[in-house]
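K.L.:
Sequence:
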Amino acid sequence: MGPSGDVYERSLVVMARNHVLKQALAATGLTVADLAERCEVDAKTVERWVSRGRVPHPRSRVRAAEVLGEDVGVLWPEVVRRVVKTGTDRELVGIYPRRADLPRPVFREAIERANSRLWFGGYTSYFVWLEVPGAVTTLAAKASAGADLRFLLGDPDSPVTAERDRVEATPLTLATRIAMTRAEIAKADAAIPVRRSDRHVAMSVWVFDDEAIVATHIGAGLGQDSVTLHLRRAQDGGAFDRYVEHFESLWADGKPADPQD
1 MGPSGDVYER
11 SLVVMARNHV
21 LKQALAATGL
31 TVADLAERCE
41 VDAKTVERWV
51 SRGRVPHPRS
61 RVRAAEVLGE
71 DVGVLWPEVV
81 RRVVKTGTDR
91 ELVGIYPRRA
101 DLPRPVFREA
111 IERANSRLWF
121 GGYTSYFVWL
131 EVPGAVTTLA
141 AKASAGADLR
151 FLLGDPDSPV
161 TAERDRVEAT
171 PLTLATRIAM
181 TRAEIAKADA
191 AIPVRRSDRH
201 VAMSVWVFDD
211 EAIVATHIGA
221 GLGQDSVTLH
231 LRRAQDGGAF
241 DRYVEHFESL
251 WADGKPADPQ
261 D
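Position 257 (the sequence shown) corresponds to 257 in the UniProt record's numbering; numbering is contiguous.
The set of hints was computed from the structure by calculation and includes no laboratory data. It cannot be assumed that every hint is accurate.
As the list claims (entries may be wrong) - Cβ pair distances, simulated, as ranges:
#	residue 1	residue 2	range
1	134	26	48 to 56 angstroms
2	146	180	49 to 57 angstroms
3	170	42	56 to 64 angstroms
Claimed, not checked - Straight-line alpha carbon distances no greater than 16 angstroms define the calculated EDC-like cross-link-like pairs of lysine to aspartate or glutamate that follow:
#	residue 1	residue 2
4	255	198
5	22	101
6	22	34
7	44	34
8	22	47
9	22	71
10	255	101
All C-beta atoms, glycine included, are put in the ideal place defined by N, C-alpha and C.
Taking the hints into account, I'd like the entire structure generated from these sequences.
P.N.:
Right, dumping it as structure tokens:
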């Protein structure tokens with residue numbers, strides 16, 4: 001590489017230096033070697049953080065920030081910019097071509113994290129009992145702790161349900177799956193309100209505190225074939241709030257039902 005190339009490369013290194021990290025080291029009186037020892041990494045690695053602007057691995061970032069008494073976002077603001085969305089899609093955690101593509105831990109962990117509200121707005125929510133281990137026990141505990149649990153199920157007697165059964169053409173009818181869900185709810189031995197409606201036959205909404213999973217049915221596909229969104233509330237009047245309003249509207253118009261009838 002010629003002289004001009006050397007100058008250009010050196011200028012890039014200078015531009016990439018992490019001056020905030022360098023100042024934080026100076027403020028604490030620590031050397032590169034000191035920080036390396038406390039972060040359990042090689043001194044050359046820390047030197048690259050400072051002189052070349054390299055971003056450490058998450059564990060090292062957190063440890064370095066603790067040692068220096070700074071926020072990770074102050075030392076490495078680019079990390080925050082990567083993970084924090086500011087556009088209209090900032091509430092979108094993930095989108096999946098089919099509900100079956102949603103990693104199973106997502107639904108289970110959302111249920112486990114929720115403490116204030118757990119709203120099940122699936123026409124049958126039948127898959128919950130198959131894919132979430134110990135769901136009955138978990139929901140019973142949430143209900144006993146005072147969480148707002150609600151099940152908005154399909155109306156097995158509605159002609160809308162009969163038509164959907166005709167379209168899906170599967171041996172396990174919607175009415176059967178609804179009945180199975182009611183039986184599982186009954187096992188919880190807790191006061192979990194259940195209402196019936198036929199207005200959500202084509203779209204299911206599950207709300208767990210500030211998270212929501214929304215499945216929109218496609219053609220003659222089953223629920224597992226629905227395009228699925230995973231949302232997390234980040235603003236007033238955003239997509240999350242709109243889906244919550246949708247659920248509340250359906251709930252208000254739903255017919256109360258005993259889960260054991």
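K.L.:
Evaluate each hint against the coordinates.
P.N.:
For each hint, the structure was consulted:
About 53 angstroms separates the C-beta atoms of residue 134 and residue 26, a value consistent with the hinted range of 48 to 56 angstroms. Between residue 146 and residue 180 the beta carbon distance is about 27 angstroms. The supplied range of 49 to 57 angstroms is therefore violated. A beta carbon spacing of about 59 angstroms between residue 170 and residue 42 agrees with the range 56 to 64 angstroms that was offered as a hint. Between residue 255 and residue 198, the direct Cα distance comes to roughly 10 angstroms. Compliance with the 16 angstroms bound is thereby established for this hinted pair.
A threshold of 16 angstroms between alpha carbons decides the hint, and for residue 22 with residue 101 the separation of about 45 angstroms lies outside it, so the pair is violated. Only pairs whose Cα atoms come within 16 angstroms are accepted, and residue 22 paired with residue 34 is accepted, the gap being roughly 13 angstroms. For a cut-off of 16 angstroms, the pair hint linking residue 44 to residue 34 stands: about 12 angstroms separates their Cα positions. With a C-alpha separation of about 10 angstroms, the suggested pair residue 22 and residue 47 falls inside the 16 angstroms cut-off, and the hint holds.
Taking the CA atoms of residue 22 and residue 71, the gap is near 14 angstroms; set against the 16 angstroms cutoff, the hint holds. Under the criterion of a C-alpha separation no larger than 16 angstroms, the hint pairing residue 255 with residue 101 is inconsistent with the structure, at around 32 angstroms.
Violation of the numbered hints given earlier is confined to hints 2, 5 and 10; the remaining hints are satisfied by the structure.
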